[in-house]
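Undergrad: The residues making up each chain are set out below.
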Amino acid sequence: MRALVVDDSRAIRSVISRMLREMGYSVTEAGNGREALDQLAATGGCPDVALLDWNMPVMDGFTLLGELRKDPSYASMRIMMVTTETEIDRMQAALAAGADEYLMKPFTPDALRDKLGILGLSQAA
Amino acid sequence: MSPSLDPQEFAWLCTFLRNESAIIIDETKEYLVTTRLAPVLKELGLKTLSELLTQLKRRPLTAVHQRVIEAMTTNETSFFRDLHPFDTLRNDILPELVKKRGGAGLNIWCAASSTGQEPYTIAMVLREAFPDVAARSKILCTDINNTVLERTKQGLYTQLEVNRGLPAPLLLKYFDRKGQEWQVKEELRRMIDARVMNLAIPWSGVAMMDIVFIRNVLIYFDIETKRSIIGRIRKNMALDGFLFLGGAESLLNIDSDFARTMAGKSTLYKRAA
Ligand SMILES: C[S@@+](CC[C@H](N)C(=O)[O-])C[C@H]1O[C@@H](n2cnc3c(N)ncnc32)[C@H](O)[C@@H]1O
Ligand SMILES: [Mg+2]
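Quick mapping for you: the protein sequence lines, in order, are chains A and B. Residue numbers for the first sequence follow the numbering used here, so the first one is 221 and each next one is one higher. Residue numbers for the second sequence follow the numbering used here, so the first one is 97 and each next one is one higher.
Calculated directly from the structure, the hints in this document are not laboratory data. Keep in mind that this is a model prediction, so the values were computed, not measured. Even for Gly, the Cβ is constructed at its ideal location relative to N, Cα and C. Some hints here could point you the wrong way.
Example chain A residues on the side facing chain B (calculated, C-beta under 7 Å, incomplete) [to be verified]: (1) 247; (2) 266; (3) 313; (4) 324; (5) 327; (6) 334; (7) 339.
Use the sequences and the hints to build the structure in full.
TA: Shown next, in the form of structure tokens:
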């Protein structure tokens, strides 16, 4: 299984990536929405899941979510917002824009594993 | 910190816990006693475990005894714990029982329900699949620990707790924001009946149950206690009811009047024909 982690904090990116690798994922990282789109276009293919921070410079995670959901080549990608934004209206907006899950920072590895399980992605191979 | 107990004191404490909660602690678990009771000593302003034992030896039982039992129980739980049992509940068990009961309310028992994530998970699954039946159903929540039952009644959860296992759409649908916490909506809270119960002691006044969840608690008991609890639960269940256990638990060598069945990805139990 392949995961894409998009977060402007290098520290947070590497924590999430490590958790995912321990669950058997191969992981790529990007520091903002623009970088993620460029990377996806350059490498082709579609990760099984993308974990998006909300607040990032250049292109934020909510905008990236909209871009990804507009493009049919990413239709099979499951998208999880992973963010310090914990207001109900933010969550509603993200789900309405096509996010499949929403994980509030801070979180434990168990919480991440649970959310991937909900998305049917727990048995990473 | 607190100097450890001498062997007789430790043995006395194990017997006390066994008598009052059925929980088995063996000689290798002294560290568990020391770490779990350290905060209790602090709360009570005591310096040593021996001082605490002196209080525990007094009768009648007081809040101190209750506090020690609560400190020694593991309350670890989460929403949709292990996922599969709740898929099975939604896809197999509820449709079958709702049909058989002609849409009447169901009696569901969550024995050892801890802080309530398990019963509220059941409530959400039932409410999503059969809203009318949910409105007529009751979920009995029992636990030996009154503090966790009070939390269940309030239905207040921290961000870390709702992060664990709860699908975001259900969080939005069934919870209200209360400051930094999240509270289960009244429509689910009214399905819940919470009652303090030590499973090791025969109970009365419990309705015949259609579905029983008794998960991640039998592991703490010895085989005789498991047998008597499961036997009494069986007698408290409808003939066509279903029993769910935790992932590491089974009724092998415990109760042959229950038959193991598979539904979806879960193992569960029915009363043997
Ligand atoms: C690990 S939790 C399990 C919670 C939930 N069933 C689950 O699987 O997530 C175990 C619970 O059993 C309760 N417990 C321990 N001994 C008990 C007893 N003798 N009678 C009733 N409840 C007991 C504890 O207070 C604790 O809340
Ligand atoms: Mg950020």
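Undergrad: Now look at each hint and say whether the structure bears it out.
TA: Structure-based check of each hint:
1. 247: Violated, about 21 Å.
2. 266: 22 Å, violated
3. 313: 11 Å, violated
4. 324: 5 Å, holds
5. 327: 5 Å, holds
6. 334: Since the shortest Cβ distance to chain B is 4 Å, the answer is holds.
7. 339: 9 Å, violated
Going down the numbered hints, you'll see the structure goes against 1, 2, 3, 7, while the others check out.
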